Amino acid sequence: MTIIDGAGTGAGAGRGPAAGPAAGPARELVVTGLEKAYGRNQVLRGVDLTARFGTVHALLGENGAGKSTLIKILGGVTRQDAGTVSLGGRKLPPGGVTAAQRAGVRVVFQELSSIANLSVAENLLYRAEPHRAGVVAGRRLQRRAAELLARFGMDRLDPGRRVADLDLAERQLLEVVKALAAEPRVLVLDEATSALSSADSSWVLDQGRQAAARGCAVLLITHRLGEVRDVADRLTVLRSGTTVLVGRPDEFDDDTMITEMLGRRVERLFPPRTPPGEDVVVAVRGGRVGERLGPLDLEVRAGEIAGLGGLQGQGQREVLRALAGATRWTGGEVTVRGREHHPATPAEAIRAGITYVPEDRQREGLLLTRSVLVNSSLSSLFSLVRRGLLDRRREAQRSRAVAGDTGLPEGRLHAPVSMLSGGNQQKVVLARALYREPTVLLLHDCTRGVDVGTKADIFALVAGLAAKGTGVVFYSSDLSELAHFCDRVYVMAEGRVRGRLDAAGGELSEESILRLALTHRADDTGEEAPAP
Amino acid sequence: MTDLQLPAAPAARPRARRRRPVPWDLVAALAIFLVLAVVDLVLQPALADLGQIGLLLQTGLPLVLVAAAQTMVVLVRGLDLSVGGILAVATVVTASAQGGGPGWIALALAVGIGLGLLNGLLVGPVGMQPFIVTLATWTIFDGIALKIMSTDGGTPPPAAVALATGETAGIPNSVLVVVGLLVAWLLLRRSRFGHRMVAVGTDAERARLNGTPVRAVVVAAFVLSGLLAAFAGVLSSGLTASGSPTIGDRYILTSVAAVVIGGTSLLGGRGGIGLTVLAALSLTLINDIVAAMNADVWVTTAASSGLLLVLVLTRGLVARLSGRRVT
Amino acid sequence: MTGVLAALRGSRTTLGAALFALVLFVVGTVHTAGFASGDNIRQLLVFASFVGFAALGQTLVVLGGGLDLSVPWLISFGGIQLAVLCAGGMNQVLAVVVCVVVGLLVGLVNGIGVTVFGVAPIVMTLGVGGLVQAYLLAVGLLKATGNDVPTIASGVANGALGPIPVVAVVWLVVALVVAVVLARTRFGRSVYATGENDVVAVLSGIDTGRVRMITYAVSGAASAFAGVIISGYIGKAYLEIGQPFLFASIAALVIGGASILGGRGTYFGTVVGAIALTLLNSLLPLFNLDPASLSIAYGLVILVGVRVTTTRGTGRGWGRRARRAEESEAG
Ligand SMILES: Nc1ncnc2c1ncn2[C@@H]1O[C@H](COP(=O)(O)OP(=O)(O)OP(=O)(O)O)[C@@H](O)[C@H]1O
Ligand SMILES: [Mg+2]
Numbered sequence: 004m005t006i007i008d009g010a011g012t013g014a015g016a017g018r019g020p021a022a023g024p025a026a027g028p029a030r031e032l033v034v035t036g037l038e039k040a041y042g043r044n045q046v047l048r049g050v051d052l053t054a055r056f057g058t059v060h061a062l063l064g065e066n067g068a069g070k071s072t073l074i075k076i077l078g079g080v081t082r083q084d085a086g087t088v089s090l091g092g093r094k095l096p097p098g099g100v101t102a103a104q105r106a107g108v109r110v111v112f113q114e115l116s117s118i119a120n121l122s123v124a125e126n127l128l129y130r131a132e133p134h135r136a137g138v139v140a141g142r143r144l145q146r147r148a149a150e151l152l153a154r155f156g157m158d159r160l161d162p163g164r165r166v167a168d169l170d171l172a173e174r175q176l177l178e179v180v181k182a183l184a185a186e187p188r189v190l191v192l193d194e195a196t197s198a199l200s201s202a203d204s205s206w207v208l209d210q211g212r213q214a215a216a217r218g219c220a221v222l223l224i225t226h227r228l229g230e231v232r233d234v235a236d237r238l239t240v241l242r243s244g245t246t247v248l249v250g251r252p253d254e255f256d257d258d259t260m261i262t263e264m265l266g267r268r269v270e271r272l273f274p275p276r277t278p279p280g281e282d283v284v285v286a287v288r289g290g291r292v293g294e295r296l297g298p299l300d301l302e303v304r305a306g307e308i309a310g311l312g313g314l315q316g317q318g319q320r321e322v323l324r325a326l327a328g329a330t331r332w333t334g335g336e337v338t339v340r341g342r343e344h345h346p347a348t349p350a351e352a353i354r355a356g357i358t359y360v361p362e363d364r365q366r367e368g369l370l371l372t373r374s375v376l377v378n379s380s381l382s383s384l385f386s387l388v389r390r391g392l393l394d395r396r397r398e399a400q401r402s403r404a405v406a407g408d409t410g411l412p413e414g415r416l417h418a419p420v421s422m423l424s425g426g427n428q429q430k431v432v433l434a435r436a437l438y439r440e441p442t443v444l445l446l447h448d449c450t451r452g453v454d455v456g457t458k459a460d461i462f463a464l465v466a467g468l469a470a471k472g473t474g475v476v477f478y479s480s481d482l483s484e485l486a487h488f489c490d491r492v493y494v495m496a497e498g499r500v501r502g503r504l505d506a507a508g509g510e511l512s513e514e515s516i517l518r519l520a521l522t523h524r525a526d527d528t529g530e531e532a533p534a535p
Numbered sequence: 085m086t087d088l089q090l091p092a093a094p095a096a097r098p099r100a101r102r103r104r105p106v107p108w109d110l111v112a113a114l115a116i117f118l119v120l121a122v123v124d125l126v127l128q129p130a131l132a133d134l135g136q137i138g139l140l141l142q143t144g145l146p147l148v149l150v151a152a153a154q155t156m157v158v159l160v161r162g163l164d165l166s167v168g169g170i171l172a173v174a175t176v177v178t179a180s181a182q183g184g185g186p187g188w189i190a191l192a193l194a195v196g197i198g199l200g201l202l203n204g205l206l207v208g209p210v211g212m213q214p215f216i217v218t219l220a221t222w223t224i225f226d227g228i229a230l231k232i233m234s235t236d237g238g239t240p241p242p243a244a245v246a247l248a249t250g251e252t253a254g255i256p257n258s259v260l261v262v263v264g265l266l267v268a269w270l271l272l273r274r275s276r277f278g279h280r281m282v283a284v285g286t287d288a289e290r291a292r293l294n295g296t297p298v299r300a301v302v303v304a305a306f307v308l309s310g311l312l313a314a315f316a317g318v319l320s321s322g323l324t325a326s327g328s329p330t331i332g333d334r335y336i337l338t339s340v341a342a343v344v345i346g347g348t349s350l351l352g353g354r355g356g357i358g359l360t361v362l363a364a365l366s367l368t369l370i371n372d373i374v375a376a377m378n379a380d381v382w383v384t385t386a387a388s389s390g391l392l393l394v395l396v397l398t399r400g401l402v403a404r405l406s407g408r409r410v411t
Numbered sequence: 016m017t018g019v020l021a022a023l024r025g026s027r028t029t030l031g032a033a034l035f036a037l038v039l040f041v042v043g044t045v046h047t048a049g050f051a052s053g054d055n056i057r058q059l060l061v062f063a064s065f066v067g068f069a070a071l072g073q074t075l076v077v078l079g080g081g082l083d084l085s086v087p088w089l090i091s092f093g094g095i096q097l098a099v100l101c102a103g104g105m106n107q108v109l110a111v112v113v114c115v116v117v118g119l120l121v122g123l124v125n126g127i128g129v130t131v132f133g134v135a136p137i138v139m140t141l142g143v144g145g146l147v148q149a150y151l152l153a154v155g156l157l158k159a160t161g162n163d164v165p166t167i168a169s170g171v172a173n174g175a176l177g178p179i180p181v182v183a184v185v186w187l188v189v190a191l192v193v194a195v196v197l198a199r200t201r202f203g204r205s206v207y208a209t210g211e212n213d214v215v216a217v218l219s220g221i222d223t224g225r226v227r228m229i230t231y232a233v234s235g236a237a238s239a240f241a242g243v244i245i246s247g248y249i250g251k252a253y254l255e256i257g258q259p260f261l262f263a264s265i266a267a268l269v270i271g272g273a274s275i276l277g278g279r280g281t282y283f284g285t286v287v288g289a290i291a292l293t294l295l296n297s298l299l300p301l302f303n304l305d306p307a308s309l310s311i312a313y314g315l316v317i318l319v320g321v322r323v324t325t326t327r328g329t330g331r332g333w334g335r336r337a338r339r340a341e342e343s344e345a346g
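Chains as they are written, first to last, in my numbering: chain H, 4 to 535; chain L, 85 to 411; chain V, 16 to 346.
No lab work stands behind these hints: they were computed from the structure.
These figures come from a predicted structure and were not determined experimentally.
Idealized CB from N, CA, C, for every residue including glycine.
Incorrect hints may have been included.
Residues of chain L clear of chain V, computed beta-carbon distances all greater than 10 angstroms [stated by the list, open to error]: (1) A115; (2) V245; (3) V267; (4) T324; (5) D372.
Label pairs and their computed distance ranges (CB to CB) [to be verified]: (6) P306(V) with R397(H): 54 to 62 angstroms; (7) V267(L) with R154(H): 31 to 39 angstroms; (8) V123(L) with D54(V): 52 to 60 angstroms; (9) R130(H) with V267(L): 19 to 27 angstroms.
Using the sequences plus the hints, can you model the full thing?
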């Protein structure tokens with residue numbers, strides 16, 4: 004068993020008082036017999052769950068198990084068909100966000116709830132704005148927001164910025180602060196760490212721990228078992244809408260948890276490495292994108308999985324976007340398979356066999372009202388044209404195949420993607436990138452929110468492609484994925500590559516990536532550092 | 085797991101804080117307005133006089149208000165084709181006063197609120213598409229206006245005429261109305277309700293996740309729209325000293341155009357009345373310039389469309405050249 | 016099977032509109048003896064096809080996330096320009112082609128303004144429409160031509176293949192072509208993707224600028240063509256001939272289930288919407304109402320008809336209904 008799960012790099016505060024105050028309905032969040040169906044899709048089939056105040060309770064399950072549905076009911080967003088939720092012995096009236104909030108439930112939603120056209124401060128204090136006769140006191144709002152951010156140690160978020168200008172990780176952090184700010188009795192974190200670096204993840208987990216210490220019941224939903232081991236006092240595993248396992252994390256080994264979640268065993272998360280070839284697929288020399296990136300030197304060989312490491316937001320996203328044609332290189336020499344490659348549009352990149360899984364599936368990845376079929380084939384339509392028309396039979400075949408490859412549930416090919424669970428939505432974006440065998444595959448957090456079993460399948464799939472000669476550029480907020488999946492990691496800081504770590508040389512580990520990244524944070528000289 | 089000591093909280097360097105973005109839409113709307121104002125001044129130097137400006141503003145006032153009404157609804161990702169109908173109803177109600185008191189003005193405004201409420205209820209709680217709803221209510225309201233008054237005529241209360249054409253303490257009332265509108269908007273935008281409107285317009289589903297009473301906000305936006313459109317009607321009837329059941333239609337597209345020229349997105353959540361007012365005044369200036377040309381109708385038609393196009397195309401070009409993504 | 020279900024779900028509003036049209040037809044038949052007569056049905060079909068042609072380009076443009084307000088002026092242009100060219104002795108077929116091509120070019124100008132300059136579609140097409148209007152005014156002044164419609168236009172507009180009007184046949188063919196293009200070609204998919212989410216479309220390799228440009232060009236050409244046959248039917252070409260089609264072209268597609276915010280709808284829906292609108296327009300006057308009551312009745316019937324026959328929200332609304340509909344559509 005070689006499940007290595009990342010992120011939980013020692014969340015600051017230690018385990019809270021597991022033996023909290025006396026149990027009993029007055030000190031618990033109790034969910035009983037919850038049922039919910041969407042059409043004929045019975046999502047929850049009588050879920051029971053008890054989470055004590057003052058503890059962190061992990062909720063686990065594969066993609067589509069019904070976790071988010073459960074918490075949407077908790078949060079009053081969705082109404083259950085049957086069953087009750089009670090808080091401290093009092094029943095929660097179903098189907099009202101305000102009622103749930105008033106009862107002290109705050110949810111960090113998986114697909115986030117911040118409003119793009121409002122500022123950080125306005126989002127943070129949404130519906131709790133300081134005001135005089137209905138007019139929001141702007142300065143007080145800013146001040147309060149700044150105070151809140153400072154209180155929770157997140158003052159790098161600028162309260163005045165518009166949320167539309169934040170990146171995904173920042174929005175996720177904002178979402179967490181917003182929930183914490185309400186001083187909830189029940190705090191639900193639905194994959195709140197999925198886009199975060201290990202440091203930020205530990206911050207979130209730490210805040211969860213502290214909230215629990217203040218007497219809050221924290222529900223933690225995550226696909227990273229390490230996080231569960233780090234902070235959870237108890238756990239519940241859901242499978243197909245029923246509770247299949249309840250207990251303390253230390254009662255079970257990873258294998259048991261995973262088997263209960265998936266109904267099958269996962270032999271290994273990361274596939275064995277195959278040595279990459281010699282041909283250089285992508286070469287960047289002195290690449291620049293505006294002032295934010297470069298000069299950058301980078302090389303990806305055929306069959307190589309090249310990671311982009313470093314702290315978050317050091318230009319990794321920009322590298323991927325420029326290679327994908329989503330932004331233009333403003334300088335430098337970029338070649339793909341020896342040919343000059345300065346794509347002006349993603350279309351050009353795609354024609355050259357370069358496909359891209361963007362960061363934010365909801366904003367950049369998916370036509371939410373369209374089906375899995377339409378979404379997955381979207382960038383390969385040119386290959387499906389026969390005599391001017393789309394060959395729909397071939398499209399269905401290929402879509403079904405690639406949906407299967409990426410672990411999408413069967414029989415949902417025609418469902419609008421908005422009705423899929425978060426992890427399954429992510430798989431649709433991946434399916435599009437893998438629709439035709441790419442020459443170069445650009446992956447930005449491609450397994451965000453994907454369950455362990457599928458993650459293993461996806462890594463195997465990508466490794467298989469690499470074995471056939473595809474060059475992969477891989478970015479992940481999860482350090483362990485970089486360390487264990489990549490052949491080589493380029494560690495970036497401030498828009499430049501600061502060092503290179505090769506798996507073959509035995510240099511590549513979570514620790515070495517982190518050390519290199521942090522070095523460059525510490526001595527901020529802007530000088531090129533020698534590779535270690 | 086590594087035993088490396090991690091900094092507990094902000095690992096990433098705070099990125100250099102970006103400068104507050106230039107309020108592009110405002111700059112562009114202002115620039116367009118100023119260009120037109122200069123052109124108009126060159127053509128008619130007599131305009132450089134508060135009284136003259138007041139007169140010009142008077143004629144533009146109904147459009148300013150109808151466009152403001154439209155903005156309310158567009159902000160929540162709706163569209164209100166019935167503003168013209170509401171305006172027409174308001175003019176005929178006002179003009180039914182036949183020399184009566186200002187109570188008729190209040191009545192017209194109340195009717196506007198009621199009609200807006202009807203729109204809002206159909207769109208919000210009933211859940212129909214705003215376009216269909218207001219297309220239908222537009223013809224209904226036009227019909228109602230025709231029922232009240234089958235042709236142009238009537239006499240509005242003197243208060244309405246004074247409101248539209250008079251002056252207070254030496255300042256033309258039209259100027260005061262515009263200033264009042266802007267102040268009201270600034271308060272509204274900064275009010276808690278303003279935040280709800282932006283949220284609903286940006287993303288109704290996420291607004292709901294935050295506990296926003298989405299339908300109520302939509303209803304309120306339509307009510308405000310009805311009120312403003314009715315106010316436009318009152319002023320219009322004061323201006324012409326009569327009521328007109330057919331006057332509304334010409335405002336419908338123009339109001340949407342003013343909203344969009346001002347930079348408010350039809351997709352909701354962005355923009356506001358301030359920009360709309362500028363745009364509506366710009367359109368008024370275009371009309372004034374064109375009228376001053378004293379040319380054939382085809383020339384004036386070409387000039388007004390051409391002027392508008394040149395300005396918006398230039399704005400687009402500048403935005404593009406300055407590297408701002410246009411969509 | 017699921018495919019069929021998905022298709023049905025997509026067209027549920029269209030089915031509602033069809034039901035609406037059916038009800039109107041039945042009411043007409045019951046109320047007036049001649050309503051279901053062959054002649055009347057033929058005439059209704061012809062009228063509906065006018066709306067259908069006017070709304071053809073509009074549908075594409077709206078699906079792609081835009082709006083074309085120059086449609087009515089291009090319709091007038093098609094009629095007047097054809098008359099002018101033919102009066103000048105040009106070959107009639109060639110004249111029709113010229114009109115349609117110029118319409119296409121004008122549409123292209125709209126497209127360039129919207130995509131290259133980033134001007135909001137409403138403003139761009141309103142402005143271009145104004146320029147076309149000015150041109151037509153000038154033509155009317157410069158050459159006080161008789162606006163007699165050339166025989167080719169009236170021939171097509173009034174011709175019949177057996178019992179079926181030529182125009183309706185042409186419409187049917189065009190509708191099928193458009194339906195296939197939208198549903199079964201790369202371009203069609205690209206239009207929907209562009210209209211639903213521009214960013215996603217671009218990142219997926221779709222040249223959204225070109226897609227939108229084409230929709231506006233088609234709209235220009237289709238509108239000019241509509242002008243040719245409409246003027247042919249009326250027997251005169253004049254400035255205001257296009258005016259009724261401004262809102263009709265948009266209303267048809269919205270009644271047929273499209274969202275004016277883009278990305279959702281079909282031309283089939285527009286066809287049904289056009290028929291429903293036409294029925295409504297010809298039915299209401301039969302009740303001998305005064306203009307005010309007619310106007311009120313028109314609005315009420317649209318409201319009630321759309322509300323009752325559309326059993327579900329569009330998912331784009333705000334109401335609980337829309338939400339419930341969305342939830343229960345899964346599975
Ligand atoms: N709005 C909706 N309409 C229809 N079906 C839905 C909707 N939301 C969720 N579902 C379905 O409910 C099931 C459970 O989804 P849910 O989001 O609860 O999964 P999850 O456990 O949170 O998965 P993940 O780990 O991927 O986030 C899925 O089959 C999904 O397709
Ligand atoms: Mg989920």
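Minimum C-beta separation from V245(L) to chain V exceeding 10 angstroms: can you confirm that?
holds, 26 angstroms
When you look at the beta carbon of V267(L), is every beta carbon of chain V farther off than 10 angstroms?
Given that every Cβ of chain V is farther than 10 angstroms from that of V267(L), nearest at about 27 angstroms, it holds.
If I claimed the Cβ atoms of R130(H) and V267(L) lie 19 to 27 angstroms apart, would that claim hold in this structure?
holds, 25 angstroms
Beyond 10 angstroms from each Cβ of chain V, as asserted for T324(L):
holds, 21 angstroms
Honestly, do V123(L) and D54(V) meet the 52 to 60 angstroms range at C-beta?
At 57 angstroms between Cβs, range holds.
Look at the Cβ atoms of P306(V) and R397(H) and judge whether their distance stays inside 54 to 62 angstroms.
holds, 58 angstroms
Check on A115(L) being off the interface with chain V, judged by Cβ distance over 10 angstroms:
A115(L) clear of chain V: closest Cβ-Cβ about 15 angstroms, beyond 10 angstroms.
For the range 31 to 39 angstroms, tell me whether the beta carbons of V267(L) and R154(H) fit it or not.
holds, 36 angstroms
Please check whether the beta-carbon of D372(L) is more than 10 angstroms away from every beta-carbon in chain V.
Nearest chain V Cβ is 17 angstroms from D372(L), so the label holds.
In summary, the structure agrees with every hint in the numbered list given earlier.
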